[in-house]
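Got chain A; can you put chain B on it based on the hints?
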Amino acid sequence: NAGVTQTPKFRILKIGQSMTLQCTQDMNHNYMYWYRQDPGMGLKLIYYSVGAGITDKGEVPNGYNVSRSTTEDFPLRLELAAPSQTSVYFCASSYSGLEKLFFGSGTQLSVL
Amino acid sequence: GENVEQHPSTLSVQEGDSAVIKCTYSDSASNYFPWYKQELGKRPQLIIDIRSNVGEKKDQRIAVTLNKTAKHFSLHITETQPEDSAVYFCAASMEDTGNQFYFGTGTSLTVIP
Chain A
1 NAGVTQTPKF
11 RILKIGQSMT
21 LQCTQDMNHN
31 YMYWYRQDPG
41 MGLKLIYYSV
51 GAGITDKGEV
61 PNGYNVSRST
71 TEDFPLRLEL
81 AAPSQTSVYF
91 CASSYSGLEK
101 LFFGSGTQLS
111 VL
Chain B
1 GENVEQHPST
11 LSVQEGDSAV
21 IKCTYSDSAS
31 NYFPWYKQEL
41 GKRPQLIIDI
51 RSNVGEKKDQ
61 RIAVTLNKTA
71 KHFSLHITET
81 QPEDSAVYFC
91 AASMEDTGNQ
101 FYFGTGTSLT
111 VIP
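Sequence order for the protein chains is A and B. Residues 1 to 112, numbered by our numbering, are exactly what the first sequence covers, in order. Residues 1 to 113, numbered by our numbering, are exactly what the second sequence covers, in order.
Excised from the complex, chain A in its bound form:
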């Protein structure tokens, strides 16, 4: 099992550009999450999904979009990148939502 795979690991964007962060898991988990981690601020939930075809907003969804067409994949789309979106992004998955979160290796994004 590869677990949760996130790509890319690093990315620099110019203001106004768009990109998609990819996330895939091979554990057949229903629950998937996208978090951003700013220094000293912990992990903030952007979007989450409880199964294919179902997504919902977390604490900080503005400027992002997600889709969940399959159980395995949960891409995060950034439209019109802004400097405030400079952060480390983590994708995570869990079996039931009340179980251990498995995190991807993270994406360090800079918007300049």
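Worth flagging that the hints you see were computed from the coordinates, not collected in a lab. Mixed in with the good hints, there may be bad ones.
Only part of the chain A face toward chain B is listed, based on derived beta-carbon distances under 10 angstroms [unchecked claim]:
1) K44
2) Y64
3) T86
4) F90
5) L109
Backbone N, C-alpha and C fix where the C-beta goes; we use that ideal spot for every residue, glycine too.
Chain B only, in chain A's frame:
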């Protein structure tokens, strides 16, 4: 939504001493409380968790206690070692739509050899 507060933000201890990190939560419906360790540049990894029907749980040098009445839970690390140096996050989750995990802001633990 749930609000999780974590203290202290930084903690330095001598090797061999104990370390305690405390978290409070606001929503009495929360019923799952995991702790994650994040080493520099790495992903968070679960080190221990506790559910609301249990008051204490131990795993070797690590223990977690939960006080549902006061809505707080704590991580205890005994006989600290340099490899315990990391950022520790507490979290709370509840069995409702989505089971969102709410994280504390983290504690940077430094174990001084």
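So, going through the hints one by one against the coordinates:
With a cut of 10 angstroms, the hint placing K44/A at the interface with chain B holds, because the nearest CB-to-CB distance is about 8 angstroms. Here the hint on Y64/A is broken, as its CB sits about 16 angstroms from the closest CB of chain B, past 10 angstroms. Because the closest C-beta pair between T86/A and chain B is about 17 angstroms apart, greater than 10 angstroms, the hint is violated. A distance limit of 10 angstroms between C-beta atoms decides the matter here; for F90/A the minimum to chain B is near 7 angstroms, and the interface restraint holds.
Among the interface hints, the one on L109/A is violated; its C-beta lies about 15 angstroms from the nearest C-beta in chain B, farther than the 10 angstroms criterion.
The structure fails hints 2, 3 and 5 (numbered hints given earlier, in ascending order).
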